[in-house]
Structure formats: structure tokens, C-alpha cells
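Chain C is fixed; fit chain P onto it per the hints.
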Amino acid sequence: MTDNLQGKQRLDRQIIALRVAKEFQDGEVVNLGAGIPMLASNFIPAGREVVFHAENGVLGFGEVTLPGEGDLDLVNAGGQTVHAQPGMCFFGHDESFAIIRGGHLDTSVMGAYQVSEKGDLANYMIPEREVGTIGGAMDLAFGAKKLIIAMNHTTKEGEPRIVKKCSYLITAPKCVDLIVTDIAVIEVTDRGLVLKEVAPGWTSEEVQSLTEPTLIVDPDCHDIELM
Amino acid sequence: MPINKIVASFDQAVADIEDGAVIMVGGFGTVVSIPSLLLEAIYRKGVKNLTTVSNTSGFGADVWRMQEAPFPEDMDILVRNERIKKAIVSAPVSALYVNNFEKLLRAGKIEIEMVPQGTLAERVRAAKAGLGGVYVPVGIGTVIEEGKEKKVIDGREYLLELPIKADFALIHARKGDRWGNLVYRGTSRTFNPTMAGAARVTIAEVDEIVELGELDPETIVTPGVYVDRVVARPKIAPAEEAEITDARAIESRRRYEAEIEDSIKAAKERGLRHD
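Residue numbers (my numbering), protein chains in the order written: chain C, 1 to 227; chain P, 1001 to 1275.
Don't take every hint at face value.
In silico EDC-like cross-links for lysine to aspartate or glutamate, where the CA-CA straight-line distance does not exceed 20 Å [to be verified]:
| # | chain 1 | residue 1 | chain 2 | residue 2 |
| --- | --- | --- | --- | --- |
| 1 | C | K174 | P | E1146 |
| 2 | P | K1268 | C | D12 |
| 3 | C | K174 | P | E1145 |
| 4 | P | K1268 | C | E69 |
| 5 | P | K1175 | P | D1207 |
| 6 | P | K1265 | C | D12 |
These stretches of chain C come out as covered by chain P in the derived footprint (C-beta under 8 Å, 3 or more residues) [said to hold, decoys possible]:
| # | region |
| --- | --- |
| 7 | 33-46 |
| 8 | 51-61 |
| 9 | 87-93 |
| 10 | 132-141 |
For each label pair, taking beta carbons as the anchor points, the in silico distance ranges come out as [to be verified]:
| # | chain 1 | residue 1 | chain 2 | residue 2 | range |
| --- | --- | --- | --- | --- | --- |
| 11 | C | E157 | P | K1048 | 41 to 49 Å |
| 12 | P | R1255 | C | D71 | 20 to 28 Å |
| 13 | P | A1015 | C | G68 | 37 to 45 Å |
| 14 | C | Q85 | P | A1015 | 42 to 50 Å |
| 15 | C | E159 | P | K1235 | 52 to 60 Å |
| 16 | C | K174 | P | A1095 | 21 to 29 Å |
| 17 | P | K1048 | C | G68 | 35 to 43 Å |
| 18 | P | G1133 | C | E225 | 46 to 54 Å |
Because the hints were derived from the structure by calculation, they are not lab data. We put the beta carbon where it would ideally sit given N, CA and C, even for glycine.
Extracted from the complex, chain C is given alone in its bound form:
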């Protein structure tokens, strides 16, 4: 069955980011990790005011600039230049992580290599290279009130990334709240993993066949809605 699904249309990185951004509530303080999460800064739902935090000491910055057009002293944690915005402020590293660790962030979005059914996160060891980079990932996973993971549902080889138990070293135990992948949106609950949404054209059985733990299909499970 898995083989038949390999060629099936999945959401691209921009669309995953668009779905993630739908989670940002009015007035929230949000930290975006490198990769797909950072793209979500372009997709704040209309009418909502969201304050972005980056580890390198800034709150309240704007959208990513076109490459080459920004100020190198105004970058997000991925090193991408961003626009200045009224209300923005800067601070040193100890303060930046006091904000994270002290529970002052509402939502953090990160990428991952694996998430377990208990919500354990593995995202710092680069699997094929056996080296890693912790950076701010552990602090964010421990500190944010809500942790959203944005990632591809399977590895390039088609192996599930949502697993019963992480085989890679973990970043933090029991920290993930929501997983947005290229084929599904899954909530981590005390009952287990709840399948909330599927990509257009996908069935819950197909998503299950690419997921190691058993999913609880929400009675209201529906196609991913973007806006």
C-alpha cells in the first residue's frame, strides 16, 4: 500500500507553512524555527496581530525581506533579513532565553526528524550525518506553552517520522502539541494521536498506513483548510 502512495500529491512547504500560520491567535507571541516554520511569518491570518520572537534577541519584527534588500543587523534566527516594525525591541541572549524558558512564549514552531506518540521530539541529531546542533531547540521545546511541529510525514525513503518511540536522541520528552505534515494535521493528546485533518485527496487509512502508532480518527476529521 505504501508504494502506491509514493507518487501521490502532497502539500508543498509553502502550503504547510500556510496551514501552520492558521494556528497563530490574535495577540500571541510566536517563535519560528528555521525552514518551513520561518515561512509561516509571511502568512499571518488577516486581521490578527502576532508578535514574533527570535532567539537572537528581537520581539515584534515583520515579514522576511526580499534577499539582498534587508539590513544585516535585523535578522531572524535563521539569519534571514526581516522588516522593522513599530513596537519592535532588541535584547541580549540571557534575556531572550528568559523569555523562552520563563514561559512567556505562547507558541513555538519547529521542524523535526521524528515525533513519538507521547509527543517526544527528536530534531537535533541530523540522522544521516550523526552530528547535531541543539541551538535553541531544547529551550523552546521545554519553554513554549504550545509546540507545533511542521515536517514531512515520512522520510525520503517513505519511512514514518511519526513513531511509537523515537529512535534518534530526543530534544525534549512529551512536548509536542500539534503536528502539521505534508499529508495531515495531528493533535497529541493524553488519549493518543488524534487525526484532525488530511490533505486533499488523502484518506485517513492512507495517512495511518504511513504512521507507525495507531491514530484516533477525529469524528470531525476533514480536508486541511488553509484560510
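Just chain P, lined up with the frame of chain C:
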């Protein structure tokens, strides 16, 4: 006698850094946030077997030349020339490409102690503030907890994290005066004020030296008491038209540009962006 922490040259600023020294290097990792010219001066001095404390281990000068940064050398100048014995670091390698640090790590030519970024900041701050350590919740249930004392406070588990002390802290600031008072610019503040004062000697590389009294006392970020030496970058960046040859830097820049352009286009199509 007037206090004067200003030194005339970068070579003079690092003259007493010897083999085996422990040095903190400020900034985030982006080259504009780090003390680039102090790193070059240490390289020129030829010291080796250093223990470094920094957020990243460098990306290489070509990455920054592509962004037209005036002073493009980062931690990589000490890494690729094998001057580092041990690195205490938060984000040593890049998911985007294999940096020189990763090559040395694989070859067993460098020791590493990887520290979560916020814990690194707090351990550095503990040294500066004269604390014997800090209890940190981050790392419980991971490899970070191995060998550390645990304590339950108000029902939550914490790890005892010890201060990181250094011989020298090298930092970068926007402006400084002869007392060592410093201000920064934008997101280039990061680890610089955190590390100021956490070492026996703190050396500040500044874009500009100003007269005492010129910095607004309400907005000085680093009090001069933490700073021992101030050295100014040349006014005009050296005219450098170096050819960019690092294929990794070129490829990662190309991917970055394509993805950002796609993203802005997608946002505009949905009426979510207005520039």
C-alpha cells in the same frame, strides 16, 4: 589620570592571549554580530589549543561575502586552521551543509561540549554574576542531564548547570567610549552583552569610538565596568573583491533566495502581504 580602555590596534588588543586560553566569542553566528577582526588577530598571532565558548562554529567567509558583509571572517578562521582544541558550543553544525567544524569533529580533531543555547547564556551569565551555578529545567530526560545533579523545586525537576568562566571574552558592539560603555545595533546584540564581564579580560571590538558622555546613560546596554579593552574597526572596510568559490555557500544562498521569493509570491497571491 583619565581612564582609557582604548587600544590602538587589534594585534595589541590580543597580545596577551596565549596557547591553551579559554576564549568566549560573542554574537549569534551571523558575521555582523561577531568580533570578526579580533578573531583574525588571534589567528595572526598563531595561538593554538584554544577552548572556545560560542553560539556557532562558523559558516566560512564566503557565506558572508555573498551578503556583502564588510568583514567576512567568522569562527571558521580558527576552526579551519585547527586552532581549537575544545569547543563549548550550542549550534556547531549546519543542517544546510557540512561546515569545517563538522569535518574536524568527524576526523576526531576537535572536542565538543554541546550546550542548549539558553543554558549556555545562563552559564556564561552565572560566571559574570559570581554565581556558583544555576538550576535549569531544560535538558531533563535528554542526554544533557547525564552526570548532573538534579533537584526538585516546587514539584519540577531541574539540573544544576555550572558557570563557564573564560580567560578572555571577545565581543562586538556598535559604539563604545573610553570607559568601555557599549551600545549595540539590532539583532547583533545577542551574546555580546551576556559575555561582557564573564571573563578575566573582556575585549570589545566596536564600529565606532565616541567621546565620553556621547552615549545616552539611559540606553547604555553594557556598563563599562565589564569591559577592559576597546578597539575600533577601520572606518572604511578594506576593499575586498575576493572571488567567491565555496560551492556550499553559493548553493545554500541560491536555495534561500528561491524559497523566500516563492514564499512572498504565495503570500501575495492570498492577499497576506502588501510590500
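Hints, verified against the model:
1. At roughly 19 Å between alpha-carbon atoms, K174 of chain C and E1146 of chain P fall within 20 Å of each other, so this suggested pair holds.
2. With a CA separation close to 17 Å, the supplied pair K1268 of chain P and D12 of chain C stays within the 20 Å bound.
3. Between K174 of chain C and E1145 of chain P the alpha-carbon distance is near 16 Å, which keeps this suggested pair within the 20 Å criterion.
4. With a C-alpha separation of about 18 Å, the suggested pair K1268 of chain P and E69 of chain C falls inside the 20 Å cut-off, and the hint holds.
5. For the hint linking K1175 of chain P to D1207 of chain P, the alpha-carbon distance of about 6 Å falls within 20 Å, and the restraint holds.
6. Proximity of K1265 of chain P to D12 of chain C is assessed by CA-CA distance (about 14 Å); at most 20 Å being required, the pair is judged to hold.
7. For the region 33-46 of chain C, the proposed coverage by chain P is satisfied: 8 residues have a C-beta within less than 8 Å of a C-beta in that chain, meeting the threshold of three.
8. Counting residues of the region 51-61 of chain C whose CB falls under 8 Å from any CB of chain P gives 5; the rule of at least 3 is met.
9. Look at the region 87-93 of chain C against chain P: 4 of its residues bring a Cβ nearer than 8 Å to a Cβ of that chain, three or more, so the hint holds.
10. Evaluation of the coverage hint for the region 132-141 of chain C: fulfilled, as 8 residues show C-beta separations to chain P shorter than 8 Å, against a requirement of three.
11. Between E157 of chain C and K1048 of chain P the beta carbon distance is about 43 Å. The supplied range of 41 to 49 Å therefore holds.
12. Here the CB-CB span from R1255 of chain P to D71 of chain C is close to 22 Å, well matched to the stated 20 to 28 Å.
13. Checking the proposed 37 to 45 Å range against A1015 of chain P and G68 of chain C shows it holds: the Cβ atoms sit about 39 Å from each other.
14. At about 44 Å, the beta-carbon gap between Q85 of chain C and A1015 of chain P stays in the expected band of 42 to 50 Å.
15. Separation of E159 of chain C from K1235 of chain P is about 56 Å and conforms to the stated range, judged on CB atoms against 52 to 60 Å.
16. In this structure the hint that K174 of chain C and A1095 of chain P lie 21 to 29 Å apart at CB holds, the actual value being about 24 Å.
17. Range check, K1048 of chain P to G68 of chain C: about 38 Å between beta-carbon atoms, so the 35 to 43 Å window is met.
18. Restraint check, G1133 of chain P to E225 of chain C: a C-beta distance of roughly 49 Å satisfies the suggested window 46 to 54 Å.
No hint from the list above goes unmet by this structure.
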